[in-house]
Structures are given as C-alpha cells and as structure tokens.
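Sequences are here, hints too, so could you generate the full structure?
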Amino acid sequence: MANVSVEKLKKNYGTMEVIHGIDIDIQDGEFVALVGPSGCGKSTLLRMIAGLEDVTAGTVSIDGEVINDIAPRDRDIAMVFQSYALYPHMTVAQNMGFALKLAKTAPDEIDTRIRVAAATLNLTDYLERFPRELSGGQRQRVAMGRAIVRSPKVFLFDEPLSNLDAKLRVRMRTEIKSLHQRLGATSIYVTHDQIEAMTMADRIVVMRGGYIEQIGSPLELYDAPNNEFVATFIGSPSINLLEGRIEKDAFRLTDGSTLPLPDGLDDLDTRAAKYGIRPEHFEIVETGGVATVKIDVVEPTGNETILSGTIGGQEVQITQRERLNLKPGQEVSVTLRLDAIHLFDANTGQRI
Amino acid sequence: MLGQSDPAVSNGKKAKRRWAELAPSWLALGMNFPTLICFVLILAYPIFFAGYLSFHDVGVRELRSGEYSFSGFANYITLFSDPVFWKSLKNTVLFVIISVSLEVVIGLAVALVINEHRIKLSKLTKFLILVPWAVPPIVNGFLWAFIFNTQFGYLNRLLYQMGFIEEQVIWLGNPSTAFMAIVIAYVWRTVPFNILLYHAALQGIPDQLYEAAELDRATAWEKFRYITLPLLRPIIAVTLILRTTFAFMIFDEIFAITQGGPGNDTWVAAWYTYKTSFNPPFDIGVGAASAYVLALIVGVVAIAYVRYVYTKVEY
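Chains A and B supply the protein sequences, listed in that same order. Residues in the first sequence are numbered from 4 upward in steps of one, following our numbering. Residues in the second sequence are numbered from 145 upward in steps of one, following our numbering.
None of these hints come from the bench; they were simulated from the model. Mixed in with the good hints, there may be bad ones.
Think about it this way: if two alpha-carbon atoms lie no more than 30 angstroms apart in a straight line, the pair counts; the simulated DSSO-like pairs of lysine-lysine are [unchecked claim]:
hint, chain 1, residue 1, chain 2, residue 2
1, A, Lys330, A, Lys297
2, B, Lys264, B, Lys367
3, A, Lys297, A, Lys251
4, A, Lys156, A, Lys11
5, A, Lys180, A, Lys170
6, B, Lys270, B, Lys367
7, B, Lys231, B, Lys419
8, A, Lys13, A, Lys156
9, A, Lys107, B, Lys367
10, B, Lys264, A, Lys13
11, A, Lys156, B, Lys367
12, A, Lys104, B, Lys367
Only some residues are given here: those of chain B computed to face chain A with a beta carbon under 7 angstroms [unchecked claim]:
hint, residue
13, Leu353
14, Glu355
15, Glu366
16, Pro374
Treat the numbers as computed from the prediction; the structure is a model and nothing was measured. In this text, a Cβ means the ideal position worked out from N, Cα and C, and glycines have one as well.
Pasting the structure below:
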C-alpha cells in the first residue's frame, strides 16, 4: 500500500500535448476514480502511472519516490485492463499465478494465494479452465484475481467493466467496491461512466481535454460543481441549464419570464448566465409555484417519474418520487429548491 | 418435353430452374472439372504410375519395348542393399535437421527484429528481406555456386581481402564445407517464408499481453519464453511441417552447386532418385522405389508434427 502523487505531469505525442501539467495526490488506501469523456487523457494518465507510457514532463511518485525512470516491472503495480489481457494459453490458475511464478515464489505459497483469491472471487471451480471457456464476467474476475494475488502497492483499473452487460456491470461494481474495502489497497480507477465513479470512489478526478476540471468526493462534485462541465457530467438525468441573464433580483430567461435567485446570489452584476438546477430539485405544487412547466413526455420508472417539458421555451427534465398522473401537454406549477441552484457564467462556464 | 407439360413456365425460368437443380452436384463437379483434370494428369497419375514402376523392372530395354515385367519387392531390396542410398538418406536427414532448425531460429529472430517497435525498418528493407524467396531455386543454386567458386567466387575474395584466409579455399571440394554450402544456399532462399509467417503471427499477439506481463514483472526473455513462444507454437508447427517436407526434397541447390560431390558426399535422397533414374544404367524402377520411401518418411514426420506439436490457440 502506498500513496501516489503526480506533479505538473505532461504528455506529448509528437508535437501534440495531450496532458497539460496536472497534479493529483492520492492517499494510502484511497479509491480514486479518473473520469471524463473519451480522449480526456484519463487512460493515458493511468498508463503513465503504470509506466506503460513515458512521462514528457513532471513527475510520478509512489511513497515520495519519483518513479519516472523506473521500469513498469519494478513499480510493484498491478493493472486490470479493459480487454482483461488474460494469457490465452494459460489456465485461470496459471494466469493468476504467473507473476508469483516469475518472482520465484514457492509452489505451495503460489497455490495457497491462488486459492484464497479464487475463493474471494468465486473462481474456485474454474481454476483449470482456459480464458476462452469463461464468460465475460468470469474473465473480468480472473483479471482482478491476477492483480490481487500479488498484493501490489497500487491497483490500477482501466475501464474494467466496460465490456460487460449492464446488469453484470452493476454487480461487479459492488464486488470491486467491497473488495477494496476488504483489501484497503490504493486504487486508481479509470472510467467514462460517471455512475461507476460516483458509486465506487472515495474521490473523483474529473478530466477534460488533458486538464483536471475538479477533484472532490462524489457528493462534493454533485453538490458544488466548479463549472458547467462538471455539473453536466456528474448526475443522471443531467442537470438542467437554462439560458438567460442575471438581473437585480431575479434570473430572466431568454423568453422574458423570470426565476427566483437564491440568497447570496441575488445581488450580482447583470450578465449573461446559465441557471443550473438538478431534476430532483423541482417540486410540483398546486398553488404558489414560481414557474410553469409544460409537460411533453412522462416516463414512469417505478421508483420515480421522469418528466420532460419546457420552462419558458427551454427544455428541462424533472424527477419526482411520487407516481404522478400527468398527461403530455398539461401545464404544472413548480417551486425550486433555491439552496441547490448553481449559476454559471455564460462565457467561461465557471460557477458564479 | 417439359415445356409442353407446363406452358405457363417461360423459357428463362426453366433455364434458371435447371441451373438450380444442377447446383449441388453436377454444377460443382463441372466447375471443378478443369482443376480435377490437371490434378489427375499432373499429380495423381505420376504418383500412381511411379508406384506401379517401383514394383516392375524398368530399364532402358523395357522402356524401348514398353513391356515392364513385375518384379515384386526386388527394386526395394536393391535399394535397401545399396550403401549409397543409405548415405543419401543419412545426408538428407542431417540436411533436414540442420536446415529446418536454422530456418526456424533465423526466421524467428528476424521476425522479432522486424516486429520490434523501437527498430525502424524501411519498406525497401522489408521488401529486400523477402526477395530470396522469389528467386527460382535453380537460379539461387547457381548464384551460390558462383559465390563458393574457388577461383572466382565472392566468398574467397572477401575473406582474402579481409585477411581471414591466406590462400583460396576449395569450399566445394571438402565434404563438410560442401555440405554446409548447400545448407547456406538453401536456407538463404527459404528463410523469408518463415519470417513472413512468424511476423504475421507476431502481429496477431495483442500488445496488452506484453503490458500485462511487464506489470507481472516479466523480463524480456520471460516474455518471449512464456508469452511469445507458446502463442507462436501453432505457426511454428505449420512451418515445421511445410519446411521439413520441402527440405526432404532438396534437389536444385545440389544440382547447381555440388552435383552430389565431392564423390558422393553430398548425395541426398532426391538426388539419388534422379541419378538412379536418369543416368546410366537408367534404373527407373529403383528410382521410383526410392522416391516412395522418401514420401513415406515425409508423411510419417508430418503426421507426428500434427499430433505432437500443433495445438490451436484461441484468444
């Protein structure tokens, strides 16, 4: 176990810079998710920590020791690949024991550690099978088993669940999280799926275009996004962003109607901005609403109802815990949870 | 007529239906007929005819009269009691072992170098590596005959100028150097085939397996030993089968470079067949018998390879 830190880290491919000097500090035993859209540099960053990509500038260190020039094999890091990268000609047991065999561990010791890992991962019955004889979820577990038998300093996960179907992904998410809670090893987990990041990580690093947009705990990112990108990336259904202007004591939408401003944000300079409100922060009321929503689509999911409609001509999504008997075309009156509203500068996207 | 019994069906439709009915059997046979004819005339007929000849007395006199008398196993007995045949066979086996081993080892080494990301090779270089495979065997033989020529050969000249030798070496006059000359000329021509197949197979191994092995703390040698080699096993088996088969039939380089000399020190099985059949006393029956023995050996070796070396790898 160890802490990992990257400082002013840069990566160039030829003349193109893809990671622009980023800093992250990961504490011993922490589970950190690197999340962002495709091409944001999250996998490249992970591979630089693993040593599979060269560092152009800056440093990667484990336990305070700079490891830029240390070969991947000497970093004591285990990685679970998106494709699993299981050795096709080796059985499950051989795959899991390969690193130990290379390290000249005693055969009984290898056997014990494989059995312990296999029991943890429900693979005991499959030890003599070849990867081609396993399902996607089993292969994924073998890949994890290969990492855990080694008890490395750091675990790296590169989108390990993206090749699984939705149901299995949810189950493996829980398994990985409980595994981390048991082993307590420092883990860095790359994903493009914000739900995975939210549910599993102690802290999330949101990346875009080779920059870090924000680092924080899942709920910090959800409740206090630094900017429009983080606000829209985290949360599903996505936050509603309504265009308009901040005026003296209200937010004026593009069609001229107004929405109330929360305390503390009601004395700002007039400027173009976006009014951010999450779908669950609307409340449908009989009377005394502050805005009117015209309902277009009603989607009941059982545990909640997702309503799509418009406020002042701009699209919004609203989720309600109650089962609502609403019809398309109907207009409803709503109140807003003012303390959960975020305003974003229309030009910079930064939270005001 | 069919047309009268069913006037509603137009001629075009009828024709189509007839083709459709032909399709499974006769059409397939018809389409393959030209190939089958060639196969029968060029391969099957000579193979069976040689088998027939190996059990008959076939010499100049019989060829003239066209009547071959049945001789049972006499040709085989003559063959097995001829020390030159055993010598040829021994040379052939030795040649196969040395040349096939070199083909696999050199082919693998060059393929690994070409496949290495850190080593940049131009397209021209990659093309040049494959050129010897395109040279006709007999031309390759004569090229190397020039190189090994005592008086005018490049090899003696090169070694002399570099100071390695004091006087010209008679490469083809010494049994062991003559044998190695054949091996070198042959391997030079055939190794590109192995390079090509190994390189293709190497490109099929996912990079991530090596990355995983690297993180599993494998050294370069361990990656080769535990990842590359097992995954190349099927293709190595294929090249072993093919190259062994062809090496058993080595002829062109012998013909061009040593003619079996010095003495009969570089006689091989195919050369024995050729010399026995087409040189006085034109003992074609014995020649055919020797060809059959060779074919039998090749067949047994090929089956052994398939059984013991060839295993499929699935990703």
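Exercise. Identify every previously stated hint that the structure contradicts and give their numbers, smallest first.
Key: Result: no hint breaks.
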